[in-house]
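A.B. asks: Protein sequence lines, in the order shown, are assigned to chains A and B.
With the numbering used here as the guide, the letters of the first sequence map in order to residues 1 to 122.
With the numbering used here as the guide, the letters of the second sequence map in order to residues 123 to 244.
A hint or two may mislead.
[As the list claims (entries may be wrong)] A few chain B residues facing chain A, derived, Cβ under 7 Å:
(1) D191
(2) Q193
(3) A195
(4) I201
(5) C221
(6) L237
[Said to hold, decoys possible] A short, non-exhaustive set of chain B residues, derived as facing chain A with CB atoms under 8 Å:
(7) G162
(8) V172
(9) Q217
(10) S219
(11) S230
(12) F234
(13) N235
(14) R239
I should point out that these hints are in silico values taken from the structure, not numbers from a laboratory.
Where is the CB? At the ideal position from N, CA and C, for every residue including glycine.
There are 2 protein chains.
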Amino acid sequence: MTTPQDIANQFVQFYYNTFDTNRAALGSLYRESSSLTWEGRTFSATNNIVEHFTSLPFEKVAHQVTTLDAQAASPASLIVMVTGALAIDGAPPMQYSQCFHLLQDGGSFYVFNDLFRLNLSG
Amino acid sequence: MTTPQDIANQFVQFYYNTFDTNRAALGSLYRESSSLTWEGRTFSATNNIVEHFTSLPFEKVAHQVTTLDAQAASPASLIVMVTGALAIDGAPPMQYSQCFHLLQDGGSFYVFNDLFRLNLSG
Numbered sequence: 001m002t003t004p005q006d007i008a009n010q011f012v013q014f015y016y017n018t019f020d021t022n023r024a025a026l027g028s029l030y031r032e033s034s035s036l037t038w039e040g041r042t043f044s045a046t047n048n049i050v051e052h053f054t055s056l057p058f059e060k061v062a063h064q065v066t067t068l069d070a071q072a073a074s075p076a077s078l079i080v081m082v083t084g085a086l087a088i089d090g091a092p093p094m095q096y097s098q099c100f101h102l103l104q105d106g107g108s109f110y111v112f113n114d115l116f117r118l119n120l121s122g
Numbered sequence: 123m124t125t126p127q128d129i130a131n132q133f134v135q136f137y138y139n140t141f142d143t144n145r146a147a148l149g150s151l152y153r154e155s156s157s158l159t160w161e162g163r164t165f166s167a168t169n170n171i172v173e174h175f176t177s178l179p180f181e182k183v184a185h186q187v188t189t190l191d192a193q194a195a196s197p198a199s200l201i202v203m204v205t206g207a208l209a210i211d212g213a214p215p216m217q218y219s220q221c222f223h224l225l226q227d228g229g230s231f232y233v234f235n236d237l238f239r240l241n242l243s244g
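One chain only, chain A, in its complex shape (with noise of 0.2 Å):
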């Protein structure tokens, strides 16, 4: 039986893989009722997602995952949380956090809702 955590794993391994190689790509992972909010800032609707991980003032990013949980939230949704590192251009990583709500869409896998925050020590 697949659960919540094997598809999380699957997903963000897909995602991260994506985002560090091609950004423009990860608008197969979303659909127009779709929100991401990045560092408090709301975009929504895929093409508004694209524009904003396409317009990132960096060339080079890596996503290390250090944390992945994940829970149902239906029968056909996961809530999905990680904590993780993120290098850019070669500095030295930072800690973010990410949040996605998953919903499910015939046999795969599309990104409702998705929250990331840097977390830099106060």
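Guided by the hints, dock chain B onto chain A, whose structure is given.
C.D. replies: Leaving out everything else, chain B in the frame of chain A:
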């Protein structure tokens, strides 16, 4: 109009105030269908969640919210992500992240999914 951010602000303030003053009273915010994943361990149903909170091995705890983001997940539910710091028994604060999926029940919201992690560097 009440926004998801307004509801989230009010919820989060009440949640951490209750956590920091009387953890046993957090039970009123969960239901039998709720789940908490706390540092990778999952507890389901109000009594198990409250038992976990009340068995945490510290006397004094103080949460300080750094960021709070919210999005509607449906007409009657919200995703809330918090980053912040918590101080236990007067020790130096530790960074944490917490993600809530809140469901509306009449005029109020309860916690359906709750995922908590400390963000320890490196």
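A.B. asks: Among the hints numbered above, which are violated by the structure, and what are their numbers in rising order?
C.D. replies: 8, 11
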